Structure formats: structure tokens, C-alpha cells
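Bring the two chains, given one by one in their own frames, into a single complex with the hints.
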Amino acid sequence: MTFDMLLQHMLNGVSLGSLYALIAIGYTMVYGILRLINFAHGEIFMMSTYFAFFGIATFKMPWYVVFVLAILLTGALGMTAERVAYRPLRDAPKISILISAIGVSYFIQNLSIVLFSGRPKAFPQIELFTGMLKMGNIYVQRLTFIIPVVTAVLLAALIYLISHTKNGIAMRAVAKDHETAKLMGIDVNKTIALTFGIGSMLAAVGGIMWGLKFPQIAPAMGIMPGLKCFIAAVLGGIGSISGAVIGGFVLGLGEIMLVASLPDLTGYRDAFAFVLLILILLFKPTGIMGEKISEKV
Amino acid sequence: MLKIKDLIVAYGGIEALKGISLEVEEGKIVTLVGANGAGKSTTLRSIVGLTKPKGGAIEFEGKNLLTVPTKDLVRLGITLVPEGRRVFANLTVLENLKLGAFYRNDEKEIKRDMEWVYELFPRLKERTWQTAGTLSGGEQQMLAVGRALMSKPRLLMMDEPSLGLAPLIVREIFEIIKEIHRQGVTILLIEQNANAALHIADKGYVMETGRIILDGTGKELLTNDEVKKAYLGESVH
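Heads up: the protein sequence lines correspond to chains A and B, in order.
Every position in the first sequence, counted from 1, becomes a number in the working numbering once 216 is added.
Every position in the second sequence, counted from 1, becomes a number in the working numbering once 12 is added.
So that you can see chain B by itself, here it is in the shape it has in the complex (with noise of 0.2 Å):
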């Protein structure tokens, strides 16, 4: 579904990324894990056309990305949960949902997304009329990922929704993501907790600084001696 190719980013001077490949299949989980500066977000800034790469190619469905606008990613059914929230912090929770479906014109559709959107968290039900602003950490990522499913996406990518929020709301977040990859949607998910990425990944890679230096299942990963030792937290016997 998404393939991307010998990436090189650079900021200044400085390459972000080294030249990455990696691939996500449609269908799957895939996690991009690694320590801070690792270059994840920069990997999926690239893909939203947010950071113009120097060199290397991305395609979706065939299709090359680097030439396709931000603004028309979420069309082709591409959308990203950005790092730290970023919901509209003086709109209320109903329009920043509506945002979410705003290319859209199937009112009845919408509609019936909202009520799924919904489902998954009544709390912001409860807060509809609320500005995002208003809204604890927790409840803010709720409404980010809610936002990022009104555009029904086919592949959704999240940008550390972990990041900053309590044990049990993580917990939480990641049941949500099983329950919208339960409905067909692919993800790609960035993370620097890798122990809670990797349980639900299909597929993982493990960056650091600017390059992937190892692919696997989640599975795998998780027990590999080298993630273990760097990202788990796990000392090796």
C-alpha cells in the first residue's frame, strides 16, 4: 500500500534521514519505533508532504506522494494523527470532528461516522459543545484520533499517541487502535513506547538516528536481544 524508498531528509546541514525503506502492506499494523531524534516523525512528515525529502521516493498505491499537495493526501485516504494533539484548541469538539470530514459531502455518511466516532469515545460525546481547548491531554488525543477517523481513512498514521498521557489512557488508546484496525483500516503507528507498539504490530521497524537498522515481526522484535536491551527496558541475561 505504502512503500517508501531510500529517503534522505535534511534539515540544513544535517540528514534526518539517512536514506529508510520500509513498507506497509494494506491490512497491517506497522510500527516505527525508536528513541527521540531517531527520526520517526520526520519519516511521516515526509509522507504528508509536511518536509520536502532531498532524495529518495514515496508511493502510495502506485502513486508517487512527493508530488501530491498536504492538502489532497486526505482524498487519496491518507491521514495522520500529528504528534502532540494538535486538535483545534478554540474550535469545540463537534467542529473539530466535523474538520476531520471536511473534504467530504455525504452528509448522511458523516453522520453516521460521528456515531461511531462516538461509540468509541463517549467522552467526547459528552463534550461536544466544549472547546478542545477545555479538554485534559487524554481526552484531547481521543478527539485527535476521532477527528483522523471522520475522514475515513484507509491508511491512518499516528504520530506518538502515547506520548504524555497516563498508563491507563494508553491502554485505552491502543484498544482503540485495534478496534479501527478491526474495521479495515491499515495503520502505521510511530512510537517511543515500543513495548505497547510492538504487542499489536503486525509488522515493526526500529529506527536509529536516521536509519532503520532492524525489521521484523512484532513478535520477533519484541524478542530480540538488542530491542530488548535499547527500547524494553529488559536487561539480557
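Excised from the complex, chain A in its bound form (with noise of 0.2 Å):
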């Protein structure tokens, strides 16, 4: 391998893992305040696209406005299944609400293929992201460039939210002790609103990032992404915001780096994700950066 190749396919594995960690970071989040694998999410991720789609084909808005709207539309649809789907059950046996997430995920996947149809649709390229850039002897589409900057903005302002704003001391509080978190008069419904909230936007900004580098959606598109960003999410240490990110990176890393030194494995690229998965399983269940939990009496 020469050294712009693997200069490429570096650039490639951050692009994929930013990507990754976007999404991954919702399951983490749901995971740390309420315990559940919000199994739907890949399905809000899927939705993102289609709202970006509908907007510059169907309404021709200027992308700019379209994925503003698109992102702020897939935080309420993360939001209103939680409210119908997940907040009913909050005091139910913990099987029950993760049956409703199966059940919210296959819910949104047909009646997408009932609404778009099951054929996949040509995402609309925009020249600002999808241009090539010269680097030497290599090309690069913009959006190589674009991903990563994106990501770390947003988990900057993630970070920043989560560690240092009132609201973001409330879900780490929630995430520890909903009664206790209500004793200091924290309207836990909301905080856990507002994580399903955050969590879905950063999938939805991962979604549409993910329609401009693999132009072709269509209502099953969430399915894989959705299953190895879980992984990913475990593989980091399922509740750590960190974590998922460092999984993030590491299977979108892992995977193109196996497909670029391994090409004859490359019809094994998925199975890779899951293979991961059952090592971490066996010998890091916590995962890379999960906290064994104690209790201090």
C-alpha cells in the first residue's frame, strides 16, 4: 500500500467513525438515563434522510434551511416516540419498554416503505459537500473534510452541555437517581425529553451526512448503521458519551482499514462489526471505557 492510499483510507475510517459516533452517542445517551437500548434509533436516523430528501426534492428549499428543519423534525419524532412509546412503561419491567422500542422500530420502517415505497431514493447531491478536493496525488470529496469538523464541533458543544449547563447536570443527576433528581425539583419527564431530543438531532446530523456520502437512501438504510453503532456504543461502554465516540472511531477505522488491507475479505465488512461485538463481550463486557459499578453505603 502506498502511502496516499493509506492516507485515503485513513481519511475514509475517521469520516465513517465520525459518522458512527454521531449515532452512537444516542444509544449511549438513552442508555445512561433510562437504562433501554433504544432499538428505533436507527429508524430516527433513517427518517432524517428522508426529511432532508423531501425537503430539496419535493419542496426545493435552500439545503441550509432544509437541514436545520430536518434536524430539528427528527428530534421530535425521537421525542414523540418516547412520549408514546417508552414514557408509559417507565415503571414496567425493563423487557417490556425494550419490546416497545423493537416494536417502535419495525412501526417506522413500514410505514416509511408504506409512504416513500420500498425502493430507495437518489439523495440530492449538494457541490459544496460532495465536490473533490486535489491533495497531492490524491481526491477527496469535501465531505471527508466536512465530517470530522462537524462531529468534533458538535461533541464540543456536547461536552460543554452536558458537563457545565444547568440542564446537563439534570441528566447526569436523572441518569443516577430519578427520585432523588425529582426530591431537588428536576422535571425528570423533560430531561428525559430533551436527551431524546439531543440524541436523535446528532443521529439526524450523522443522517444526513450519511445520505450526501452514500447517496441512496431508502426505509431500510438504518438497519446496519443502526446495529453497528449499538456495537459501537457497547464496544466504547455503553453510557460513556466518550466511549461511543472512541467506538465510533474504531469501527468505522477497523472496518475500512480490514476492506483496505484485506480486500478479498471485503464481502466480510459487516460481519467484522459483530465480530467485534462478541469479543467484547467475552472479554470487556463493560467495554473500553464502562465503569464497573458500585455502590458505597
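Among the hints, a few may not be true.
To be verified - 35 Å max Cα-Cα, derived DSBU-like pairs, lysine-lysine:
#1 Lys-137/B with Lys-392/A
#2 Lys-500/A with Lys-310/A
#3 Lys-406/A with Lys-110/B
#4 Lys-406/A with Lys-241/B
#5 Lys-382/A with Lys-30/B
#6 Lys-406/A with Lys-137/B
What the hints assert, rightly or not - Some chain B residues flagged as far from chain A (calculated, every beta-carbon gap over 10 Å):
#7 Glu-27
#8 Lys-30
#9 Pro-81
#10 Asp-84
#11 Glu-107
#12 Asp-214
#13 Leu-226
Hints in this document: simulated from the structure, not taken from any laboratory.
Treat the numbers as computed from the prediction; the structure is a model and nothing was measured.
Backbone N, C-alpha and C define an ideal beta-carbon position, used for all residues, glycine too.
Right, dumping it as C-alpha cells:
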């Protein structure tokens, strides 16, 4: 492998890893606050690409307006799913709410087949993002640089929100103990809704950039990225935001590098993530950044 | 200030409270003593709305508390230091204290109250940036009390603040309770350590299996033969 090729693969890996990280954060935040694996997260991600598609292709609005609207709508969709399908089950056994999440996932997927048809649609190409840059001997899509930068900015904002704002402290308090958080005057329902909103909006940013990078969208497109990002979250230590980011990058880079160095295994690309999941569950079930749970009396 | 009338609470088919009535007058220290399982914690949990009673009434300054959601109690001036401290172990001491003042917006006053809390518990000040999970049991109890004070309570309720603590620290905690009371805070204290609690209380209630079986001033109860025998571990001649 020449240096140029290596550089190209690295760049691809980093940008794919960034997308995984953005989506994985939603899994980890919701798990942190509700101990729920939100299996509908992949479908939320998928819906964001349709919102963006219709905004640009059908309503002919400028892309920047559409992106903002799509992100907001996706956030609202995530909050609606929580309100309708998860909140009523909050005091039910954990397995009920998990099954409800699987139900939401299938519901959104099938509803979108009915509404948008199962045939893939071409995501609009926007020159500003999809244009090519020449770097030495290689050509790289602008997106390859835009994705990691956008991810880094959003991550910084998220970390600020969580560690320094009142809402952020409330989120961490609720994640630890719902009852005591209520005693402090925290509106637990609102805080959980906010968590879903933020996680879904990050998935929407990931979804829109995913659509630009792999410009074909379909109702089933959320399944594989959803599963992989769930794996990324587990790999990093579910519940930990930095863990989700690390997991996303490990998965993205690992996948690209595997295919690049062993082209024969290209067909096993998706299997890589699952092998990784099995290994992490066998050898370090708490994940890379996972905390041991210990209670002091 | 706080009035409970004929409160009945059932878990499944079993009645944990079989119709208890008690009153906390403003400016007083009232204690509720009794053995494990007598229903003391259930009483407190009902007051703050974490347990839904089957019957009876709870009033705070004439307002029906049964319809007030838990998160709004702190705005009325009612704060609970829960059983087992329940500090947010993943947050720093400072963040825990800030959460106590979560509903407040008066930054200047919050700062002043923070200084007061640090004065009451100098140990917390040393540990400002540590996560609460790294504190000792006694320090966590102090943090739980400090956090409650940050909400500027008018009625402070404490559920077993001495549980599992060394005798020296228990004495310290009770000194602090008296100090908080001197600042004008009404206190409802739940304790298994009946001796210590009755010594500082203006009024006491003794609970047994879901009922209040005795009440009186702290002194009266301390000298009551039944109480002595059952809770103070003294032999009665």
C-alpha cells in the first residue's frame, strides 16, 4: 500500500468513524438515562434522510434551511417516540420497554415503506459537500473533511452542555437516580425528553451527512448503521459518551482498514463489527470506558 | 405546618400504614421513632409523593400535598434527605450542592448559602471537586444534608441520618441538626436511634407496625417506661 492510499483510507475511516460516533451517542445517552437500548434509533436516523430528501427534492427549499428543519423534525420524532412508546412503560419491567422499542423500530420502518415506497431514492448532491479536493496525488471528497469537523464541533458543544449547564447536570443526576432528582425539583420527564431530542438530532446530522456520502436512501437503510452504532456504543462502554465516540472511531477505522488491507474480505465488512461485539462481550463486557458499578453504603 | 390525617398506605395487599395522624408545628423539631419496618420511611415517602397513599390526607400550610408532584415540593419549601443519603455519586460535591439549589435563580443568595453549607461542613469544602462516590459514608451524609439546605427548606425532613455512621459522626450530625433548627428551619426527623432523636426533639411520635402507638414531648417519651424498654435498651425496674 502506498502512502497516498494509506492516507486516503485513513481519511475515509475517520469520516466513517465520525458518523458512527454521532449515531452511537444517541444510544449511549438514552441508555445512560433510562437503561434502555433504543432499538428505534436506526429508524430515527433513516427518517432524517427522508426529511432532508423531501425538503430539497420536493419542496425545493435551500439546503441549509432543509438541514435545520430536518434536524429539528428528527429531534421531535425521537421525543414523540419517547412520549408515546416509552414513557407509559417507565415503571414497567425493563423488558417491556425494550420490546416497545423494537416495535417502534418496525413501525417506523414499515410506515416509511408505505409512505415513501421501498424503492431507494437518490439523495440530492450538493456541490459544496460532495465536490472533490485534490490533495497531492489523491482526490478526496470535501465531505471527508467536513464530517469530522462537524462531529468535533458538535461533540464539544455536547460536552459543554453536559458538564457545565444546568440541564446537563440535571441529565447526569437523572441518569443516576430518578427519585432523588425529583426531590431536587428536577422535571425528570422533561430531562428525559431532552435527552431523546439531543440524541435524535445528533443522529439526524449523521443521517444527512450519510445521505450525502452514500447518496442512496431507503426505508431499510437504518438497520445496519443502527446495529453497528449500537455495537460502537457497547464497545466504548454503553452509558459513556466518550466511550461511544471512541467506539465509533474504532469501528469506522477498523472496518475501512480491514477492507483496505485484505480486499478479499470486503464481503465480510459488516461481519467485522459483529465479531468485534462478540469479542468485547467475551473479554471486556463493560467496554473500553465502561465503569464498574459499585455502591457505597 | 404539616398535618397528616388517617394516612393509609398499602404495598400490594399489605398495609404498611394503617391510618396514622401526626402534626409538625412550625419552628419545632419533631421526630418519628420506631423499629425497622414500622412505616417511618413510608410516611416520609408519602409526604413527598414518591408513594401514593390509599387513603387519608396530607396538608402543608393548608395545601393538599397529595396532588402536588414530587418535583414541585421543593418549591413549597419541603425538602427530604432520603434514606441511604442518595447523593449523586457520579457528580462532584459542588455539582451535588448546586443540584440542591436547582429550582432557584437567585445566584447571589445561592452563593451565600453555599458558603453557609461549607461553614457547617468544612470537610465538604476540602472535597469540592471530588466526585461524591469517593466520599466516606459520613461525608456523604453531610453532603446529603448540605444539598438539602441548598434548597432553602422551611421544612427539612431527614430519613435515618445516623444510619451506619460511627458514633462520633452521629453526634456531629445531630449537632448540625440543632444548628439548622436554630436558623429557623422546621425539622421532621426519622430515626432508629431513638435516644439521640428524642433528646433534641420538641415532640416525638413512636411508631410500631404501621401505627402510631405513643406521642408526647421528647422528654416525656425519654422517661416513658414502654419506650425505654423497647427502644432505649434500658431495663425498667
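Next on the checklist: For a quick check of understanding: which of the numbered hints are violated here, in increasing order?
Outcome noted: Per hint list: 4, 5, 9, 10, 11 violated.
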